[in-house]
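Chemist: Sequence lines, in order, name chains F and Z.
Counted the way our numbering counts, the first sequence spans residues 241 to 571.
Counted the way our numbering counts, the second sequence spans residues 36 to 346.
Careful, some of the hints might be misleading.
[Said to hold, decoys possible] Between beta-carbon pairs, the in silico distance windows are:
id: 1; chain 1: F; residue 1: Ser385; chain 2: Z; residue 2: Leu134; range: 52 to 60 angstroms
id: 2; chain 1: F; residue 1: Thr302; chain 2: Z; residue 2: Ser64; range: 55 to 63 angstroms
id: 3; chain 1: F; residue 1: Arg392; chain 2: Z; residue 2: Asp124; range: 50 to 58 angstroms
id: 4; chain 1: Z; residue 1: Arg342; chain 2: F; residue 2: Gly321; range: 46 to 54 angstroms
id: 5; chain 1: F; residue 1: Arg351; chain 2: Z; residue 2: Met53; range: 36 to 44 angstroms
[What the hints assert, rightly or not] Here's a subset of chain Z near chain F, in silico, CB distances under 10 angstroms, partners left out:
id: 6; residue: Pro162
id: 7; residue: Ser240
id: 8; residue: Phe242
id: 9; residue: Thr245
id: 10; residue: Ala246
id: 11; residue: Arg259
id: 12; residue: Arg340
id: 13; residue: Arg343
For the record, the hints were derived by calculation from the structure and aren't laboratory data.
Don't be surprised by glycine CBs; every beta carbon is placed ideally from N, CA and C.
Each chain is listed here by its residues.
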Amino acid sequence: MHDEPLLNVSNLTVNLLTAKSALRPVDDVSYSVRQGECLAIVGESGSGKTVMNFAPLGLMPTGVTTMLSGSVKLEGRELIGLPEAEIQKLRGKSVGFIFQDPMSALNPVRRIGRQIAEMAELHLDMTPSAAEARALELVKLVGISDPMARLRQYPHELSGGLRQRIVIAIALAGEPKLLIADEPTTALDVTVQAQILRLLKDVQRRLNMAMVLITHDMGVVAGAADNIVVMYAARAAECGPVDKVLVSPRHPYTRGLINAIPRREDPIGSEFRGLPGIPPTLGAPIKGCALQPRCELAVPACGNSRPPLVRSDDSAVLVACPVVNQGKAAA
Amino acid sequence: MIHFISKRLKHSLVLLFMASLVCFTLVVSAPGNVAVLIAELRGAVATPGYVEQVEEEIGLNKPLLMRYVDWLGDAVRGDFGISYRTGQDVSADLANRMLVTGTLIAGSAVIATLISLALGFLGAFWPYRLPDRVSRGLALLGASTPTFFVGALMIYAFSVTFQLLPSFGFDGPKSWILPWLTIAVLPAAVLSRVVRVGLEEAMVSPFVLTAKSKGLGRTAILFREALPNITPIFINALGTQVGLMTATAIIVEPLFAWQGVGDYFLAGVRFRDFMVVQACLLIFLTFFIVVNLIVDLAVLLTDPRIRRQWS
Chain F
241 MHDEPLLNVS NLTVNLLTAK SALRPVDDVS YSVRQGECLA IVGESGSGKT VMNFAPLGLM
301 PTGVTTMLSG SVKLEGRELI GLPEAEIQKL RGKSVGFIFQ DPMSALNPVR RIGRQIAEMA
361 ELHLDMTPSA AEARALELVK LVGISDPMAR LRQYPHELSG GLRQRIVIAI ALAGEPKLLI
421 ADEPTTALDV TVQAQILRLL KDVQRRLNMA MVLITHDMGV VAGAADNIVV MYAARAAECG
481 PVDKVLVSPR HPYTRGLINA IPRREDPIGS EFRGLPGIPP TLGAPIKGCA LQPRCELAVP
541 ACGNSRPPLV RSDDSAVLVA CPVVNQGKAA A
Chain Z
36 MIHFISKRLK HSLVLLFMAS LVCFTLVVSA PGNVAVLIAE LRGAVATPGY VEQVEEEIGL
96 NKPLLMRYVD WLGDAVRGDF GISYRTGQDV SADLANRMLV TGTLIAGSAV IATLISLALG
156 FLGAFWPYRL PDRVSRGLAL LGASTPTFFV GALMIYAFSV TFQLLPSFGF DGPKSWILPW
216 LTIAVLPAAV LSRVVRVGLE EAMVSPFVLT AKSKGLGRTA ILFREALPNI TPIFINALGT
276 QVGLMTATAI IVEPLFAWQG VGDYFLAGVR FRDFMVVQAC LLIFLTFFIV VNLIVDLAVL
336 LTDPRIRRQW S
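Only chain Z is shown next, with the shape it has when bound in the complex:
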């Protein structure tokens, strides 16, 4: 167990280092010069001389390797530098926004889990009957509707038409509901199929015949015998979906006028604010890697067969 964790931690660190390289390279190789924009932002005429002065000021004229080492060294200590656009400390900006995005993703993950389990069980309990068909239809609809459109529909239905929930900004706990639902729709749809198919597969395995011969009913077999068998598969799929939620957050946060990491990232990209873009990318990647690490551990805890290989 300890061996497994330490091995995975080492992998994760290597992965993070490589991710930081990719982040930096991508951002540096993007076209355009941020020094010109900064010069214009300061109200000055962007003469070549002034632009050069700005470049020197923010360290753009240093060799790339130096810039990377400087940036990574600071980032490891939690210092993501100063935003080119606002002149503010990126780390301070991010602290609040990470809390917002984190809560958004965590809530959506819980909702997606509940909805997908409910839909999947419904389908598995009455396979090929009406509840199964409804569940499959909803999954297809949810998986094929773009998130921004889902969000717009939610706002139209719950805020504009019925005026039940706030449409944007933060106005009490109720404000979480629409963004949570919007982000949860796609993963819930995908995961419900994982649950349904996994349960169906488990329900035809020989140990289910044994369970039936014990006198257990269908409900007991589904929950006691089949569910523990699909838990590792489900956790794996959930991990992937939660990782992808960072991408959805970039779309959903501006839609609901929420100031999260996604919104910050988008603003950074628009202004070629390298410091902000790099910091956000690195945070997204770290999140992805951490989620994967947690998934591996959770699978280890739910599947005794894998646990044995590592004990």
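Only chain F is shown next, with the shape it has when bound in the complex:
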């Protein structure tokens, strides 16, 4: 039982149907997170990292038909095919969510205390007064000064960093086992980003939760995560322990991402090193490797079939690149 991951996603594919178009933002992706572990999911905008985590838990906008295949197991329980009423019970209770923009994630006309306390009423069967006490506890836990006064305030009276702390308090209020944080520091001031990240990391360790950290910031990954999944165009390009993947990236896309981080020794005024080209649209299925048009290693064979995620020379790291994997086979 201890060995079973808290969240186990295997071969997850998500298809979205809107009135006008069909998309496949997640294509056959697998990953898992254990209790007390932090998994970073990295990729550029539109690579499917948010949809991958939100869709199985029913957090998709209305008007979009979501079709899931594969398997998503939370504490051994299959989520795909579960009716919405059952999934609703898991949200907040088993899984807490943290969103990108704390400026809009809170209801502007409700007191902060109520927005936290209702979680305790809903999931921990607390009376309103017990829930208020719990809210106070949580506000202290996320390191907010003058907690009593904060509970009576409205969101617009707080700064972005404080609001994100409130969002974290809400996510923790139901005592979830898994925390899904969708770019929790992206919308914040640089000076506040580090504080919020430290706080997240700290509560995750203290409460021994599992955390999925969705981000495009490699600095965030290095500081917080145990494992990493690099997403490109709806697929996983590379995954493995953070220390291994960041130190010696194997997939050309991962290398490109890490290479794109500005370095201290870069001369002032030098150009940013980006990947040439733009990511493919997700409308049409891609036959071969999605990175081929932008890849420095590409050979004609890359366009033939989708490269499978294969164990590299380090058995903990999986890479989906035919050239890299071939090199390994040749060596």
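Since the structure of chain F is provided, determine the placement of chain Z on it from the hints.
Modeler: Chain Z in isolation, oriented as in the chain F frame:
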């Protein structure tokens, strides 16, 4: 808060003063001479001499500015003068009629609020499905049917055909129902769209995603998260509609043979009874301004973001 109220009160007073000027000017510049009518009413032949005598008697020969100052001075003290037609005290006539019209408008406002919230929620709960389409259809029908026709239909249906409710005059509490409904139809239709559209807008905002992630169900989200957000908008729209109900009362009161301010106003206009017309106009305008003041305060109480600007 106190600062806000005192500022708004000052605005309202200035507005009222300007409104009184407009009232007076409009009525004075209307064509026709009331002195001739009064002379005829007294059974005398309206010879130029007699008409002049009447004019002097009721103060029509004084300069306009004097007449305005006299009238306003009395009006501020609650004295609206004597009706040219009946010779009765206008203030005394109005006291009873204001109670009637006030009850009419208050009841209609409550009914319009309830109906519009019900229709709006129905539509927002099942967007683009049958209940939404029915709600939208009813709103369109209600907003595009003239009030006098709605009233006639109500009388035909509930009084003539089913004989459930009295068709005119005051005959117990049941008599209120038809006039209330008649006045409420148009505002209910307009407000139901405000509710429906406001809720839909609120339901796609990011904080609703947060609410969903908390494990709240759709009903809880609609009532706890979306409703408080549309309350200020709704109160604003309701205020406008309640203000406009004075105009509807002018149509509906005669229809049901009710003796309210609207009915009094209409009778005054027919006879060029300046005193009555001026008094009614001023009351309508005061009502409008007071309603707006209440709306501003209510919005202040329901929207913490606006409250903060004034605290």
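Chemist: Does Ser240(Z) meet its interface restraint, that is, does its C-beta lie within less than 10 angstroms of any C-beta in chain F?
Modeler: 7 angstroms, holds
Chemist: For the hint on Arg259(Z), does the least C-beta distance to chain F fall short of 10 angstroms?
Modeler: 7 angstroms, holds
Chemist: With a cut-off of 10 angstroms on the beta carbons, see whether Arg340(Z) makes it to chain F.
Modeler: Since chain F brings a Cβ to about 5 angstroms from Arg340(Z), closer than 10 angstroms, the hint holds.
Chemist: Under 10 angstroms is the threshold here; is the Cβ of Phe242(Z) close enough to any Cβ of chain F for the hint to stand?
Modeler: 4 angstroms, holds
Chemist: Given a cut of 10 angstroms on the nearest C-beta pair, is the interface hint for Arg343(Z) held or broken against chain F?
Modeler: Where the cut-off is 10 angstroms and the nearest Cβ of chain F is about 7 angstroms from Arg343(Z), the hint holds.
Chemist: Take a look at whether the Cβ-Cβ distance between Ser385(F) and Leu134(Z) falls inside 52 to 60 angstroms.
Modeler: For Leu134(Z) against Ser385(F), whose Cβ atoms are near 56 angstroms apart, the range 52 to 60 angstroms holds.
Chemist: Does Pro162(Z) meet its interface restraint, that is, does its C-beta lie within less than 10 angstroms of any C-beta in chain F?
Modeler: 8 angstroms, holds
Chemist: Do the beta carbons of Arg342(Z) and Gly321(F) sit within 46 to 54 angstroms of each other?
Modeler: 47 angstroms, holds
Chemist: Is it true that the C-beta distance of Arg392(F) to Asp124(Z) lies inside 50 to 58 angstroms, as the hint says?
Modeler: 54 angstroms, holds
Chemist: Mind checking the hinted window 55 to 63 angstroms against the Cβ distance between Thr302(F) and Ser64(Z)?
Modeler: Holds, since Thr302(F) and Ser64(Z) (Cβ atoms, about 57 angstroms apart) stay within the stated range.
Chemist: Tell me if Ala246(Z) is really an interface residue toward chain F, meaning its C-beta lies closer than 10 angstroms to one of theirs.
Modeler: 7 angstroms, holds
Chemist: May I ask you to test the hint 36 to 44 angstroms on the CB atoms belonging to Arg351(F) and Met53(Z)?
Modeler: 40 angstroms, holds
In terms of the numbered hints stated before, the structure departs from none.
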